[in-house]
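K.L.:
The chain contents come next:
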Amino acid sequence: MRRFLIRFVFLLTALFGLSLAPFVYTHVVLPWTEAIAALGTAAAGLLDPDVMAAGKRIISRETGFSVSIEPGCNGLEPMLLLAAAMLAYPAAWRHRLIGFLSGVGFIQAANLARILTLYYLGQWSPLLFEWAHLYVWPALIVLDAVVVFLVWLRLTPPRHGPHAAG
Amino acid sequence: MIPPPVSLAGLVLRVLLWLPLCYALWYPAAPVLLLPAVLMSQGALHALLPGIVDHMQIGADGLRIFTTLSSAPGGHYGFTLDARSYGYGMALLAALVLATPAPRRWADLLLGLGLLQPFIAWGLVFAVLRALLAGHAEQLLPDPGARRLWTEGVQLGARLGLLAFAPLAPVLIWAGLQHRTLSRILSGGSPAT
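Residue numbers (our numbering), protein chains in the order written: chain A, 1 to 166; chain U, 167 to 359.
Only chain A is shown next, with the shape it has when bound in the complex (with noise of 0.2 Å):
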C-alpha cells in the first residue's frame, strides 16, 4: 500500500504538471474544456427547449442567466486522479484502459449532471448555486473518482498477486 501511494502521488504531480504546462494547457485542456462545454450546451439544450447556447455559455433566453464552462469545471483533475491511481496500481493495461474509459465516462456524467444542475440551481437561488459550485460539486465529482477507482481496484486482479500492491 505504501509503495502505491508513492507511486500514485508522484505520477499524480507528474500528471497535473504536464496539465499545467502552457503547450498542454493551450493544445489539450481548453479544446477538452470546450468540447465538454459543448456537450453541456447540448444536453441543456435538449431538456429545454429556452436554454440557448454561445460558445462555452449556456444561457437561459427567459431569465438571461447564464452559465460559463472553465477549465476546472471539466472534470480533468479527478480524470488525472484515476489515470495515477489506475497507473500506480500492478494491474495489466488492457484492465487499466478498460477501466479509465469507464471511468472518464462516469466522471463526465456527474459533470454533466454537475454542469446542469448548477444551471437551473443559478436561476432558483443564488445561494445555492455558490454552495453548489464553490463547496459540494467539486468534492462529489473526486468521490465519483475515488469510488470508481475502489470499484475497479475490486474487480481487477493484480497483475503479481494479491498482495503486489501492499
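Keep in mind the hints are simulated off the structure, nothing from the lab. Note that beta-carbon positions come from the ideal geometry of N, C-alpha and C, so glycine has one too.
Looking from chain A toward chain U, a few residues come up when the C-beta cut is under 7 Å (computed):
hint : residue
1    : Met1
2    : Phe16
3    : Leu20
4    : Gly72
5    : Glu77
6    : Leu81
7    : Leu134
8    : Pro138
9    : Ala139
10   : Val146
11   : Val147
12   : Leu150
13   : Leu153
14   : Arg154
For this one, chain A is given, so just place chain U on it according to the hints.
P.N.:
Same frame as chain A, now just chain U:
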C-alpha cells in the same frame, strides 16, 4: 477494538450520509478551522513580500486582507477572499474518515485536518498573490521581465491550489491515514495485511 468491516457499497453510502452533516458543521466552523491555514499563509506572504501584506483576518464573510499598498489618497488597498472555497476539503475529509470503520477515527480526523492546513494555505497564498498582482503588479514588480515571470508562476500556483490541492488533498490524506481499513474493505473484509 477493530470496528466491523463494511462492504464497498456500504462505505460509499456511509460517506454520502456523513457528507451533508459534515458540510453543515464545517460551514459555520470554517473561520476557526481555517485559522491555522490563514496564519501559515500570512507568514508565507510576509516572507515573500515583506511589508506588503499588513495582516489578514478571517471571519464569517471571508478572509479580509489588509495591505500597505495605496489605493486612494490616505487609504490602503484591501480585499476579501472566499477562504472556504479552498477549505471545503475539510468537510470531504471528515466525511471520508468518519465513514470508514477504522479504529481511532476521531484521532485520524484531527490529524487529517492538521495535515490539510498546508494545502489550504498554499491556495490562500496564491489567491492573495494573484489578487495583488492583478491590481498592483507595476507597483510590486517594476521590472517587466520579473513581472511576467511572477504573474505566470502565480497563475500556475493558484490553479494548483484551487483545482488540485483543494479537492485531491483530502482524498490522499484519507487514503494515507486509513489505508489498512481500506485494504480490508477492498479485500472483502479479510484481515488487513
